[in-house]
Every structure is written in C-alpha cells, then in structure tokens.
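Those protein sequence lines, which keep their order, are chains L and X.
Using my numbering, you'd call the opening residue of the first sequence number 60 and step up by one each time.
Using my numbering, you'd call the opening residue of the second sequence number 1128 and step up by one each time.
Because the hints were derived from the structure by calculation, they are not lab data.
Please note that the accuracy of each hint is not assured.
DMTMM-like mimics (lysine to aspartate or glutamate), calculated; alpha carbons at most 25 Å apart, straight line [what the hints assert, rightly or not]:
#  : chain 1 : residue 1 : chain 2 : residue 2
1  : L       : LYS128    : L       : ASP65
2  : L       : LYS61     : L       : GLU124
3  : L       : LYS197    : L       : ASP65
4  : X       : LYS1194   : L       : GLU76
5  : L       : LYS196    : L       : GLU76
6  : L       : LYS122    : L       : GLU76
7  : X       : LYS1194   : L       : GLU124
8  : X       : LYS1170   : L       : ASP65
9  : L       : LYS73     : L       : GLU126
10 : L       : LYS196    : L       : GLU124
11 : L       : LYS96     : X       : ASP1171
12 : L       : LYS127    : L       : GLU76
13 : L       : LYS70     : L       : GLU126
14 : X       : LYS1222   : L       : ASP65
15 : X       : LYS1256   : L       : GLU76
16 : L       : LYS127    : L       : ASP65
17 : X       : LYS1254   : L       : GLU76
18 : L       : LYS166    : L       : GLU124
19 : L       : LYS71     : L       : GLU126
20 : L       : LYS166    : L       : GLU126
21 : X       : LYS1194   : L       : GLU126
22 : X       : LYS1222   : L       : GLU124
23 : X       : LYS1170   : L       : GLU124
24 : X       : LYS1254   : X       : ASP1171
25 : L       : LYS197    : L       : GLU126
26 : L       : LYS70     : L       : GLU124
27 : X       : LYS1222   : L       : GLU76
28 : L       : LYS73     : L       : GLU124
To list a few chain L residues with every Cβ distance to chain X over 12 Å, as calculated [as the list claims (entries may be wrong)]:
#  : residue
29 : LYS61
30 : GLN129
31 : GLY132
32 : GLY149
33 : LEU185
34 : ARG195
Which bits of chain X does chain L cover? Going by a derived footprint, with three or more residues having C-beta under 8 Å, they are [claimed, not checked]:
#  : stretch
35 : 1175 to 1186
36 : 1198 to 1209
37 : 1221 to 1233
38 : 1264 to 1274
Computed from a predicted model, the values in this text were never measured in an experiment.
We treat Cβ as the ideally placed atom computed from N, Cα and C, and that holds for glycine.
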Amino acid sequence: MKVSADFSTLKKTKWHEYAVRFLVGGSVTVIAGLLAKYYGPVFGGLFLAFPTIFPASATLVDKHEREKKQRAGIQHTTRGRQVAGVDAAGAALGSLGLATFAYIIWKLLPVWNVAGVFIAAVVAWLCVSCAFWWLRKKHWSHSPK
Amino acid sequence: MRLPTPGVFPALQPQGLPRDKVSVKNTQKLLHRESPSLRGPVKDLILRFVIGGIVACAFAALGDVLKPKSFAGLFGAAPSIALATLGLTIAANGKSYAATEARSMMAGALAFFLYAYVCFWLMLRRKLKAMPVTLSALGLWLVGAISIWFLVLR
Chain L
60 MKVSADFSTL KKTKWHEYAV RFLVGGSVTV IAGLLAKYYG PVFGGLFLAF PTIFPASATL
120 VDKHEREKKQ RAGIQHTTRG RQVAGVDAAG AALGSLGLAT FAYIIWKLLP VWNVAGVFIA
180 AVVAWLCVSC AFWWLRKKHW SHSPK
Chain X
1128 MRLPTPGVFP ALQPQGLPRD KVSVKNTQKL LHRESPSLRG PVKDLILRFV IGGIVACAFA
1188 ALGDVLKPKS FAGLFGAAPS IALATLGLTI AANGKSYAAT EARSMMAGAL AFFLYAYVCF
1248 WLMLRRKLKA MPVTLSALGL WLVGAISIWF LVLR
C-alpha cells in the first residue's frame, strides 16, 4: 500500500483540537521535567515516553470518521473505532521505534556530539518504525486499511 | 581551634571573586550567575511547556495528513517529549544525566507498546469508543512503566 499525504485534513481539525494537543504536549513535558528534578533522571526518564500524541489523535480520528458517516446518513457505525484501532496498531509499532530512539541516545550520547546523536536517533526511530509497519502490512495484516 | 585564613584552601575558593571576599552572600551571587537552572526555574518550565506543545502539535499534524492510518499511527509514538526536553536537559545537567533519562525512556517505550496494543485490541476487537479506551489505558502505561522501573532500573 502506498503512503500519501492529504493536507485537506488539516482544515478539518478545529483550533480548539490543536489547543488541546498543545496543552497536553506542553503539560506532559513540564511534568516530565519536574519528576526528573525531584525524583532523579532514572524515574523521570520514564515519562519521556509518555503517550502524549496518541490519545488525542485516536479520539479525533474516531470523531471525524463518525461525523463523516453521519453526514452520509449513517447514524450507527463502528467505522470510527475501527480506524482508531488501526491508528493504535501503528502507534504500537511506532513504540518499538521509540525504544530504538532511546537506546541510541543512551548508548551514543556520552561518546558523540549532541547534534549527531539526535540525528542518528531520529533516523533510527523512523527506519525501525517504518520497517515494522512494512513487515506488518506484508505478513501479518488482517485489519481494515 | 584556628580557622584557616582565606586563600589557604584554593579548591574551596569560588572562582571569579577576590580571595578576601568569600561570604555566603557572594557564594549565592556566584551560583546564581553560573547555574542556568538556578537562574530562572519558572522561565525553564515555560520554555519546556512551549517547546513540548509545539513539538507535540507538529507530530500530531503529520499524523493527521498521512495515509493510510496504520502508517500515520507511527507518529502517535513519536519522541515528542524527548526531543523537546533532552536538549534543555543536556544544557542544564550534562550528557550523562540525559543518557540516564534515555535508558529509563526505553522502559517507558515498552510500556507504550503494551498500552497501544491493548487500545488496538479494545477498539478493533471489542468495538469500544476511542476516548474512554485511550484515557483509561493510560493507567496501564503508568503501571507498566513503574513496574519495569521497579524490577529492572531501580
């Protein structure tokens, strides 16, 4: 299956939905910093992998799909939940990339320069996530596209 | 007992101050000047909030525009908080502190896998609504992450 981008979806997202994401993202970042300050980096580091984006994204996907079906005259539909479930499957694969990102930072940061480590970690996150997504599509896929 | 005269122990002498002016007031001034984390903790928190919010919005918008949804879902697990905070952490506390945080982040990422898989199962197989599932399962993430921390990292 081909990966594509549809920029018209950005217009469907309302300003308050962006505001919620901004507030959640900012708040979790502050809380992670405070926890690291008061309980040390070993405990605080856990919260660098807190699910910030996924809950809001899945909720919005569910809502938008339901609204689309209602506009088409279908009142009771499980389509939104199915698409949100597929989104969750993607997030589960992305979390393996996230663990790779953390591993690269942990191992290379003390010995490399900061910019190089960050670039390597982001590239590794993207490559591992995409590789797992491709493998799932090719070998294990049974869910709606 | 004789107290040492100023300048006898150079290792205890704060740099940038005349040797005969070592006092609590001067030491506090020096710490305030040299440590960015002491200079403005509120400023630091505001900066973290703004950067964290912007990075989360950027990854979420990327996830919105991409198709298919299973691919877009990858960006739901983007390292948004890590990218927003690790730079500031390195500047304030150094590389080894940030590397320790990253080691714990691996445990958080494994708990994220468990969390996302349970959400996937509840929404796709059990047909439950996204909002209650994703919010209530955050407790599962917390339990998973703290369990790994308690068993492996502590």
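Of the numbered hints stated previously, which ones are contradicted by the structure, given in increasing order? 5, 8, 14, 18, 20, 22, 23, 24, 25, 27, 29, 32, 33 and 34
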